[in-house]
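Enquirer: Single-letter residue listing:
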Amino acid sequence: MSKHVAAIIAIGQAIITNKEYLTELDREIGDADHGINMAKGFEAVIHKLSGLDEDKDVGFVLKTVAMTLISSVGGAAGPLYGTAILRAAVPAAGKFELDAMTVQAMWEAAITGIKERGKASRGEKTMLDALEPALEAFSVGIRDGKRLLDCLNLASMAAQNGVEYTKTIVATKGRASYLGERSLGHQDPGATSSFIMIKALLDFFRSQGSV
Amino acid sequence: MSKHVAAIIAIGQAIITNKEYLTELDREIGDADHGINMAKGFEAVIHKLSGLDEDKDVGFVLKTVAMTLISSVGGAAGPLYGTAILRAAVPAAGKFELDAMTVQAMWEAAITGIKERGKASRGEKTMLDALEPALEAFSVGIRDGKRLLDCLNLASMAAQNGVEYTKTIVATKGRASYLGERSLGHQDPGATSSFIMIKALLDFFRSQGSV
Amino acid sequence: MKKIINDPDQVVEEMLQGIVFAHPTVRRLPGYNVLVREVISQKVGLVSGGGSGHEPAHGGFVGKGMLDGAVAGSVFTSPTPDQVYEAIKAVDQKKGVLLIIKNYTGDVLNFEMAGELAEADGIRVEKVIVNDDVAVENSTWTTGRRGIAGTIFVHKIAGAKAEAGADLDDVKRVAEKVIDNVRSMGMALASCTVPAVGKPSFSLDENQVEIGIGIHGEPGTHREALKTADEITSQLMDKILNELNVSQKDEVAVLINGLGATPLMELYIINRKVSQILTSKEIRVAKTYVNNYMTALDMGGFSISILKLDTELKELLFAPADTPALVQN
Amino acid sequence: MKKIINDPDQVVEEMLQGIVFAHPTVRRLPGYNVLVREVISQKVGLVSGGGSGHEPAHGGFVGKGMLDGAVAGSVFTSPTPDQVYEAIKAVDQKKGVLLIIKNYTGDVLNFEMAGELAEADGIRVEKVIVNDDVAVENSTWTTGRRGIAGTIFVHKIAGAKAEAGADLDDVKRVAEKVIDNVRSMGMALASCTVPAVGKPSFSLDENQVEIGIGIHGEPGTHREALKTADEITSQLMDKILNELNVSQKDEVAVLINGLGATPLMELYIINRKVSQILTSKEIRVAKTYVNNYMTALDMGGFSISILKLDTELKELLFAPADTPALVQN
Ligand SMILES: Nc1ncnc2c1ncn2[C@@H]1O[C@H](COP(=O)(O)OP(=O)(O)O)[C@@H](O)[C@H]1O
Ligand SMILES: Nc1ncnc2c1ncn2[C@@H]1O[C@H](COP(=O)(O)OP(=O)(O)O)[C@@H](O)[C@H]1O
Ligand SMILES: [Mg+2]
Ligand SMILES: [Mg+2]
Ligand SMILES: [Mg+2]
Ligand SMILES: [Mg+2]
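Protein chains in written order, with the numbering used here: chain A, 1 to 211; chain B, 212 to 422; chain C, 423 to 751; chain D, 752 to 1080.
Just so you know, these hints were derived from the structure itself, not from any lab. Treat the hints loosely; a few may be bogus.
Short, incomplete list of chain C residues facing chain D, as computed with Cβ under 8 angstroms [unchecked claim]: (1) Phe443; (2) Val712; (3) Leu739.
Covered stretches of chain B, going by a simulated chain C footprint (3 or more residues, C-beta under 8 angstroms) [said to hold, decoys possible]: (4) 282-291; (5) 386-399; (6) 408-416.
By construction, the Cβ of each residue, glycine as well, lies at the ideal position given by its N, Cα and C atoms.
Using the sequences and the hints, build the whole thing.
Expert: Structure below.
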């Protein structure tokens, strides 16, 4: 199995492990399905990737992941994460190794995709409140010449802060927006799943002792 | 108010007082409405009798009671008690005082009416298991030359025993029959309301110090 | 008790008002808890009814091709004879009236008394007594089986026969043919609560169900642990088919009836298994109804009814109907 | 969790099988959770759908005069684009397809992506987004109001327009007119339980209700003590009429929708008050629907939808329909 496939499987397993937790968060301010949907999606992804030829480039793998998520997650998260990964696949097309600059470009493309699809911006209590600060921290690390692993660490910490931040704001997009003020104090499930994925990637590369 | 109207009102009040109790019994082996239905019926009866002229004979009063019960109780008990009282009205037609023989004839007519309407006989866990032994005890009293009040007292005790007896038998008529063996151990609501009415009549005459 | 009502003693009155506001094709007899067709054609009249709480039964089946009148008693309590008598008089077109009665002592006695009153007026009245519930042992020594959701088939088919201009005897014959050929059985997950009582009619443990429940919350054959939909369905179907003389190549109609609080999703999951069972026995399903037809207030649970068809019953079942709760082209 | 199911993960699959067994006029696209009309005529196609658990919506409205296709997602989860895409392709008759989407981010995004895929194939696709729930503040800065039971009016009226042979733009225009003129609001007595979750989505005290509940158990405006049916109805009607520009002599259609576990008796008691309120304002009720149309599994509660009619909408509302859940002559 290629390293990038292994990384994606590690992300998937983290989501599956947190299925109940994410669902519980969504139960409070949504419809109690975020964990269930995401886990279902990543189970499909893991199944799909296990049948993939070894020789596929990162771009191809990500496109496969995106299409699988889109056709199995449903809800808001499915098209949003699906679009994000589809966009991220573009800078990664034809590549078998990713350098920091490519990762940054992929991340940017992903966020642009989410914004176009979901018409949300930061501060509306969505996954963007984890993903955007994470990208910023990552970019600062890159600019400061840090190793990819350290940049990912910065990103993960920023994402975690972003998750905490979602507790302090009112949702204006997604299902939680129907709650208005009553969404205050609750943590956004989508921001949380974004953090879990970044953290899982970090842990994976750490466990590899590489990057 | 004539004495017979007062007696019927006393019976009605006893039923109304026991509304919850009868309903609870029916909840166990029926459909939880016997007390509600009977109380509704006797409320209508009390209302109706309060508007009745003083000069009506017992037969007329009982016919009024029967028609009122028939058109307000519903369920099984409505037509059964209604028919019973309608039949009892016949020997009482034109009378303003009732002697023991007339009461016995009325009681017999009532039971015949119930049996014809409901096609049940003693031992099937119905009101008949209170009414028939009560009539028998009453008749023995009459035969032995007892006072009407004492006969009524014997009848009331026999009815109470009949109610107890219903706990020991399986219902084969009425809604409780659907329970089969599971009706064992439970007391029949209809037998209980019959006992309550006989007991109320006894108490009424006792309180009058007469008969 | 959590209910959207105003006053437990007014639920039937207010419901009837709400029905009449909603459905211009039904009319209420002033002063009575009786719904009749706005336009009654020259034909045999069909009157049914019973306690309230089974909605849409029976008022929801008043209309072209089904009932002409429905009498609503108090919740779960048979209506009184005077009410039924008014219904009979209102629908009679000098061709006689058939009473469709579910086999409960109260219903039978009150409808019978009403029939006697009407006959004294010179109206021809016949009755049929529906007893489709196989959860209860049938015996001439007892009250016999209860009438439950299979009654809808009697309304539909006898209604179509009357609409076609058949005389009273013929309508009665066809109604009895339906009764002879329909068997039902239900189960409950959770009790109903009668408004005037204010607490559940029975209670089941978290994992317990009542097999063979009646539509007033009367107990059935026994209690047991909750099983899968397929297992429960097979269990009920075994009992039903055991009491119904169907074999290979026979045609049946199926009615999956929700008892009030059961999601349609679950009723369809049940229907899947019913279909599979019938198909595996090479019994053909000519028509399937899946909905709340004969409920028990807010009871959780369902019943299955199977009607064995012949050419006559099939044709009448497929005939048009236009009522608040069942429209068929 | 007490449910009549086999496996929480199989409820949608098994339900769809049960629906197809019951209703020969709907067909399932092999391999997809999509129900389409058995016979699709030469007309603009109408596709709706959403998460499952709202039965009879949406599959129950597939048929003559309403939808051509309905896509069923997992319980309370929008279907994925590939499923919707298949539905679009299956119903398209080269006259274009209208997507009727309830305003939830998930539904909008997945249906939009499907529309893009179909357009890439050269199929003309338009969409309308239903947002009738006045419990939620409308604002262009937020997701806006939710789509709830008022959606049934869109299916009915746009369906009738398409059936009459109108072109895609015209069908879309009429659908949008319905959306502009329909407002709804609901309340809950008791939560639903999503099978895969296994416990209630929210919990209410013995005497507490949620005003403005969503059809997935999303909270509404607030919680309060249970009041009488008349008080609750007045409260919802106030909010609805406040957001709908109706006045004396106007005509409306009413839809009293049960959320899954509410007895029809209670829905009629609610309808009584709705009728009284409208009559007192000299607003005429042209047509009333009372039933479970857009449920939330086993939720206890209801919603009221009011549609302001004009001549065109009224005529289309009264047009015939023949679907599993709504038949009209
Ligand atoms: N317009 C949007 N833009 C970005 N993210 C969104 C948007 N709407 C919702 N989300 C994210 O999706 C998450 C909910 O996902 P999920 O529960 O799977 O979908 P649904 O709300 O359809 O059930 C939210 O917690 C939020 O982070
Ligand atoms: N066939 C019958 N003959 C005599 N009494 C009967 C018969 N059937 C039922 N009963 C009596 O009626 C009582 C039930 O009355 P009620 O609860 O008012 O009617 P329902 O069963 O219709 O709800 C029973 O407890 C029983 O005593
Ligand atoms: Mg969600
Ligand atoms: Mg009773
Ligand atoms: Mg009763
Ligand atoms: Mg969802």
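Enquirer: Hint by hint, note whether the structure agrees.
Expert: Checked hints:
1. Phe443: holds, 4 angstroms
2. Val712: Nearest chain D Cβ about 5 angstroms off; hint holds.
3. Leu739: Given a least distance of 14 angstroms, the restraint on Leu739(C) is violated.
4. 282-291: holds (count 10)
5. 386-399: holds (count 6)
6. 408-416: Per the Cβ count (0), the hint is violated.
In terms of the numbered hints stated before, the structure departs from hints 3, 6, listed from lowest to highest.
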